[in-house]
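Trainee: From first to last, the protein sequence lines are chains A and B.
So the first sequence is numbered by our numbering: it starts at 1 and just counts up by one.
So the second sequence is numbered by our numbering: it starts at 1 and just counts up by one.
Possibly wrong hints are sitting among the right ones.
[Claimed, not checked] Covered stretches of chain B (chain A as the covering partner; in silico rule of three or more C-beta atoms under 8 angstroms from a C-beta of chain A):
| # | segment |
| --- | --- |
| 1 | 124-132 |
| 2 | 474-482 |
[Claimed, not checked] Quick list of the computed label-pair ranges, beta carbon to beta carbon:
| # | chain 1 | residue 1 | chain 2 | residue 2 | range |
| --- | --- | --- | --- | --- | --- |
| 3 | A | T113 | B | M1 | 36 to 44 angstroms |
| 4 | B | Q56 | A | V21 | 30 to 38 angstroms |
| 5 | A | V115 | B | S179 | 25 to 33 angstroms |
| 6 | B | L6 | A | G110 | 51 to 59 angstroms |
| 7 | A | A94 | B | A186 | 51 to 59 angstroms |
| 8 | A | I99 | B | L6 | 29 to 37 angstroms |
| 9 | A | V101 | B | L398 | 35 to 43 angstroms |
| 10 | A | G98 | B | L306 | 43 to 51 angstroms |
| 11 | A | I99 | B | L212 | 33 to 41 angstroms |
| 12 | A | L151 | B | V49 | 23 to 31 angstroms |
| 13 | A | F6 | B | S179 | 25 to 33 angstroms |
Hints listed in this document are in silico derivations from the structure and should not be mistaken for laboratory results.
Computed from a predicted structure; not experimentally measured.
Each residue gets a CB set at the ideal place from its N, CA and C atoms; glycine is no exception.
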Amino acid sequence: MITYLFLFFALLALGTAILVVTNKSTVNSALALVFHMLSIAGLYLLLRAQFLAVVQVLVYAGAIVVLFLFVIMLLNLEKEENLFAEFSFKHAAAFFAGIAVLAQLLYALGSWTGVLPEFADQMIAIGTVEAIGDELFTTYLLPFEVTAILLTAAVVGALMIAQRKLKSRDQ
Amino acid sequence: MVENILNSIGHFYPEISIVVTLCVVIIADLLLKRENHTISWIFLAGLTVTGLLVLQQTGLNTSIFHDMAAVDPFAVFFKVILIIASLFIVLFSINSRELDPYKSRLGEYYMLIAGMILGMFLMVGSTNLLLIYLAFEMTSICSYVLAGFTKRALKSAEGSIKYIMYGAVSSGIMLYGISLLIGITAATDIYGVNASLAAGIDQPMILYIAILMIIVGIGFKIAVVPFHFWAPDVYEGAPITITAFLAVASKIAAVALMIRLFKVSFMDTASVQIIGDWPIFEGLNWNMLLAFMAALAMIAGNLTALKQDNIKRMLAYSSIAHAGYILMGFVVLTDEGITAIMIYVFMYLFMNLGAFYVAMLFSNKLNTESIEKYKGLGFRAPMECIAMTVFLIALTGLPPTAGFIAKLYIFGAAISAGWIWLVLIAGITTVISLFYYIRVVKNMFFFKSDGISEPLVFDAGSKVILFMLLIPVLLFGIYFTPIIEFARYSLKMFGM
Chain A
1 MITYLFLFFA LLALGTAILV VTNKSTVNSA LALVFHMLSI AGLYLLLRAQ
51 FLAVVQVLVY AGAIVVLFLF VIMLLNLEKE ENLFAEFSFK HAAAFFAGIA
101 VLAQLLYALG SWTGVLPEFA DQMIAIGTVE AIGDELFTTY LLPFEVTAIL
151 LTAAVVGALM IAQRKLKSRD Q
Chain B
1 MVENILNSIG HFYPEISIVV TLCVVIIADL LLKRENHTIS WIFLAGLTVT
51 GLLVLQQTGL NTSIFHDMAA VDPFAVFFKV ILIIASLFIV LFSINSRELD
101 PYKSRLGEYY MLIAGMILGM FLMVGSTNLL LIYLAFEMTS ICSYVLAGFT
151 KRALKSAEGS IKYIMYGAVS SGIMLYGISL LIGITAATDI YGVNASLAAG
201 IDQPMILYIA ILMIIVGIGF KIAVVPFHFW APDVYEGAPI TITAFLAVAS
251 KIAAVALMIR LFKVSFMDTA SVQIIGDWPI FEGLNWNMLL AFMAALAMIA
301 GNLTALKQDN IKRMLAYSSI AHAGYILMGF VVLTDEGITA IMIYVFMYLF
351 MNLGAFYVAM LFSNKLNTES IEKYKGLGFR APMECIAMTV FLIALTGLPP
401 TAGFIAKLYI FGAAISAGWI WLVLIAGITT VISLFYYIRV VKNMFFFKSD
451 GISEPLVFDA GSKVILFMLL IPVLLFGIYF TPIIEFARYS LKMFGM
């Protein structure tokens, strides 16, 4: 059963990833990206990392891709330009970076044994929402609270920069 | 678990007070009229309370929130310095004409300064890599916005954007370095990092890369060569109060962070032979790298400062050079060196803030930051010009000012540790620095002002602030024993 689920999610992830790159319309690409993120979340679940799966859906599929969509719609991008119309140093660098990633992947695949690894109970216990919540509100309480202030400061800063007109006496 | 957190709160009052001030400022900004400086005074009161709470922490030596941060003499020393700098910045802001068109935004301005102070407080105290990064980012994000505060001035917006770009890249690199370090040592607190390095690790190469990446991030904050390229543009563009704050407080906080991080994580505690020396792990000569960076900073900073006409830009390059002098005390790897750094930053605080303050006073009246336009000012505003001369002489490091004592101790520490080539470079560049500092003095006193000769009048308040900066610079040049005692006492770090 798990093998079939894995195959389903893996193929979905692969297919949607190809769609993200090949699709002509940027909106469709972004939507394909949502499905890609969701299938990755499914893979995380199969690996028993429930917290990671939830965060993947909430943050990536939820917040980030929606932000992408907003930007695409606001900027009103029509057709993407043909990337390979002219050759530049950037493309060459991207090509070699791609080769490097591919080599890494193939190297990792070399150690494939054909069965999913066994999960130790300890490993599973780390990845639960309870365990992470527990750590977050005891050991890592201070960083957690500091993050709150950091985000407040960032929001105020962003508002200040974004506000177009300053209300002041001498205007 | 819970007891630890509850006990920790008792040692966390200064930070809590800053957060409360931050909230009060936001609320006060909504409720109060924005025409006057009431909000500045509220903020000043908040800072004073925080300062008193910091002073109450003297003598503590403990770790709080499950080894997230330490409250030790070392942290308290730097917190005192940071709070003094912050108090002066608020006083500067009240007197600044540059900020007047933005009076309606003073709430945000002080709120972000409070955020920055919180970030810096955590920087000097944190003993956990996670918190170190968060504190770092807190300081950075607030300062990006503050640098672009006068956003109708094009230079300010330009500087802010450059700062964000440069800062985002270097904090990304630093974060990657930190993640590598956590990966190979399997510890997030720096004591754990030290223990696992002492036990030996398999992949030293990755460790070198991690250290290098962390140095990039911290080097950016200290603005030391070769990570200084943002500094001149940001310093020139930012309002002068923020420039002074960046040049003093954020630099000093980053230095403190670096000392604690490197000393605790990378010191081989098992092989201490001479008390006061701290041996480093075999094959981990990060201090050589820092020595070259310090030398480059002294050379590049001082040589480039020679050609500047904008006083803020000149002081920016001079602060890069000073970062070099400060680092010099760090590469010698002795307690003497750290003491020298602490003395240096204490003196640097007053003299650099002083120079920026006088520049701000002139900019208020003359609307210029060009050194050429200072011609003849010596006759129109004699007292301010004499003060400026004292600050610049102190920055050069000549007696009888505080700057001389600062340089004396740094050079002494480096000589006694045998870093002769570094001291030679430092000595030569100090002489070079005399040229550009004295050029300002020459322009003020040795030229007749063309046409205009009515004296510039400054109000009593601004004179009081001037004296609050001038007196320490002169006093600590003669009577400096308490500072040295204070610095020696503050060497103690938790767990060392």
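Trainee: Confirm or reject each hint.
Mentor: Going down the list of hints, with the structure as the test:
| no. | hint | in the structure |
| --- | --- | --- |
| 1 | 124-132 | holds (count 3) |
| 2 | 474-482 | violated (count 0) |
| 3 | A:T113 - B:M1: 36 to 44 angstroms | holds, 41 angstroms |
| 4 | B:Q56 - A:V21: 30 to 38 angstroms | violated, 60 angstroms |
| 5 | A:V115 - B:S179: 25 to 33 angstroms | holds, 30 angstroms |
| 6 | B:L6 - A:G110: 51 to 59 angstroms | holds, 53 angstroms |
| 7 | A:A94 - B:A186: 51 to 59 angstroms | violated, 34 angstroms |
| 8 | A:I99 - B:L6: 29 to 37 angstroms | violated, 55 angstroms |
| 9 | A:V101 - B:L398: 35 to 43 angstroms | violated, 58 angstroms |
| 10 | A:G98 - B:L306: 43 to 51 angstroms | holds, 47 angstroms |
| 11 | A:I99 - B:L212: 33 to 41 angstroms | violated, 25 angstroms |
| 12 | A:L151 - B:V49: 23 to 31 angstroms | holds, 25 angstroms |
| 13 | A:F6 - B:S179: 25 to 33 angstroms | holds, 28 angstroms |
Hints 2, 4, 7, 8, 9, 11 from the list above are not met by this structure, while the remaining hints are.
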